[in-house]
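Peer 1: First to last, the protein sequences are chains A and B.
The opening position of the first sequence corresponds to residue 1 in the working numbering, with each subsequent residue numbered one higher.
The opening position of the second sequence corresponds to residue 185 in the working numbering, with each subsequent residue numbered one higher.
Think of the hints as simulated: they come from the structure by calculation, not from any bench.
Mixed in with the good hints, there may be bad ones.
[Said to hold, decoys possible] Straight-line C-alpha distance at most 25 Å; calculated SDA-like pairs for lysine to any residue: (1) Lys520/B to Lys99/A; (2) Lys36/A to Arg10/A; (3) Lys99/A to Val568/B; (4) Lys57/A to Asp518/B; (5) Lys331/B to Lys36/A; (6) Lys324/B to Leu164/A; (7) Lys520/B to Lys36/A; (8) Lys331/B to Gly163/A; (9) Lys520/B to Asn68/A; (10) Lys520/B to Val159/A; (11) Lys520/B to Cys94/A.
All values derive from a computational prediction rather than experimental measurement.
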Amino acid sequence: MILLHAHELRRQFRVVIVDSRPNLEGQQLLRKLVEKGLSCTYTHINGVSYIMPEVTKIFLGAASVLSNGTVYSTIGTACVAMVGHAYHVPVLVCCESYKFHERVQLDSICSNELGDPNVIAKVPGRKKSCLDDWASKENLQLLNLAYDVTPADYVSTIVTEYGLIPPTSVPVIVREYGREHILI
Amino acid sequence: MWWRSASFILDRNDNPPQPESRHLTPPSSHMADTNPNPNPNPNPINNISAYYQTRAAHHGVVTSDWLAQAQAAVGRDQPSDSDTSLKSSASEKPFSVIEEFNNWRKQPDLAEAVAAIRALASVIRSSEANTIAELQSELKSASDSLKSWDRTSISLTAGCDLFMRYITRTSAFEYEDFNSAKSRFLERAEKFGEISYKARKIIAMLGQDFIFNGCTILVHGFSRVVLEILKTAAESRKVFRVLCTEGRPDRTGLRFANELAKVDVPVKLLIDSAVAYSMDEVDMVFVGADGVVESGGIINMMGTYQIALVAKTMDKPVYVAAESYKFARLYPLDQKDMVPAARPIDFGVPIPSKVEVETSARDYTPPQYLTLLFTDLGVLTPSVVSDELIQLYL
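Chain A with its partners taken away, still in its complex shape (with noise of 0.2 Å):
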């Protein structure tokens, strides 16, 4: 939407989006922003940092933002956010206050969700996979983790309704703002 925005607003930029399998959200994002006529470049997650070089700016989405400043999303925000912070490029994660959290997470693990397993075995365009009978195989395990943890560090701002925000803020949004979200 921010994007769409600022097309309207006749803005000149350009658009790299980086996907990632297995769920590839990326090309919904490319279809609406192509057919709305932004020029945009699509490129895989394995060449982000092929790409970096030419960015200026980073937006990211998040699911949360946790107290410490930690961003938890989509998984692939972190690998995003931690290239563009090597090459000195701004991370901008948008984000609605409501989705601030008081809880302080501090790795990657601990209350994340899974996602079925066999779609990773799956890789589009190849009729057979050698990792199609993995389940037979004691040994082996599929994990297709659906989110993941940003650093407060990687991160140089987050945009709310109340404008940018360094992320050691949150909590005080949450200690601020909070006590209206909750319903009696």
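Knowing the structure of chain A, use the given hints to seat chain B on it.
Peer 2: Just chain B now, with coordinates in the frame of chain A:
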């Protein structure tokens, strides 16, 4: 065609007016600061920052540009007098805010924000409004015109916003009659001047605790707050020495050294390039701030970022002394992400016109290079700035 930055500000101007700013040729379209002009911004073309020009005037720096400007102003004064007398009767109010502000700002010891608030107080005094809403809208337009007159000055914007915020908050008392509300606003404006003066004292008391006997302090830029801290430490008989960077082109270091010599503090002057060389023997770095931004970083005189980088690499703490009214709701993503504030730089020798000069007067130091902020709200870490701003503005 050169590398594009992540700046919001530069993105907005499609073609940043770089070719226009050949500031070494005497600008013919320049108006001097004191020349009243229906066009609010006196330096629309060359983006030269009025804020930094005033500071240079305080420091007594006379550049060839400034001389040319002053001469042009003198030459222009005679014909423009008749103009202004006609105009002033018709449109007193819009002029007077900016005039007032300029008058206050010329005093070297007065902070920008205080000058702004005094100018707004004069608007209240001379206002003929009968309701609070009318007064508020008058103030809002005066505040907007002040802000647009010099968009580069952060403390000006922050001071105006603070005062407007105070007005809107206290206007919630509808039971009072208009005159007492008005006098209360005026009283608050007067108090603000005192508060700002007291703020320096508080910061000095907090800051001088960090200065131990036998330490070496590196200072950059001429900050009246930092000067107050050092003077207070000297008065409590602490033994320390100060290294001042020269601070070209404003020669801030020379003036700072002068002030310190008056209170018998041992001072050593460094050229700006000698900072890394001397950083080994430094125990701490003290800087002031033109503005403190929401991320916790500071906007200060050009060179501060460099010094902070060197200090961080060598594990020396960087302390910033800033009053709380300098907190601004800005969030620069990189160096170019601020309203450009240009200062004419005089190299002393003529430069060929093909050669560009970087004229920005200030830079942005991100919060990870700053250790602590000394403010009148206490000694804070950079992440608390956003906390304070949220409490104040949201």
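Peer 1: Decide, hint by hint, whether the structure agrees.
Peer 2: So, going through the hints one by one against the coordinates:
For the suggested pair Lys520/B and Lys99/A, the alpha carbons sit about 31 Å apart, so the restraint of at most 25 Å is broken. Straight-line distance between C-alpha atoms of Lys36/A and Arg10/A comes to about 12 Å, which keeps the hinted pair within the 25 Å bound. Among the hinted pairs, Lys99/A with Val568/B is consistent with the structure: their alpha-carbon atoms are about 22 Å apart, no more than 25 Å. For the hint pairing Lys57/A with Asp518/B, the CA-to-CA distance comes to about 11 Å; that is within 25 Å, so the pair holds.
Note on Lys331/B and Lys36/A: the hinted pairing is violated, with a Cα-Cα distance of about 37 Å set against a maximum of 25 Å. Between Lys324/B and Leu164/A the alpha-carbon distance is near 24 Å, which keeps this suggested pair within the 25 Å criterion. At roughly 30 Å between alpha-carbon atoms, Lys520/B and Lys36/A are farther apart than 25 Å, so this suggested pair is violated. Distance restraint check for Lys331/B and Gly163/A: the Cα-Cα separation of roughly 20 Å lies within the 25 Å cut-off, and the hinted pair is therefore satisfied.
About 29 Å separates the Cα atoms of Lys520/B and Asn68/A, which puts this hinted pair outside 25 Å; it is violated. At most 25 Å may separate the alpha-carbon atoms for a hinted pair to count; Lys520/B and Val159/A meet this at roughly 20 Å. Proximity of Lys520/B to Cys94/A is assessed by CA-CA distance (about 22 Å); at most 25 Å being required, the pair is judged to hold.
Of the numbered hints stated above, those contradicted by the structure are hints 1, 5, 7, 9, listed in ascending order.
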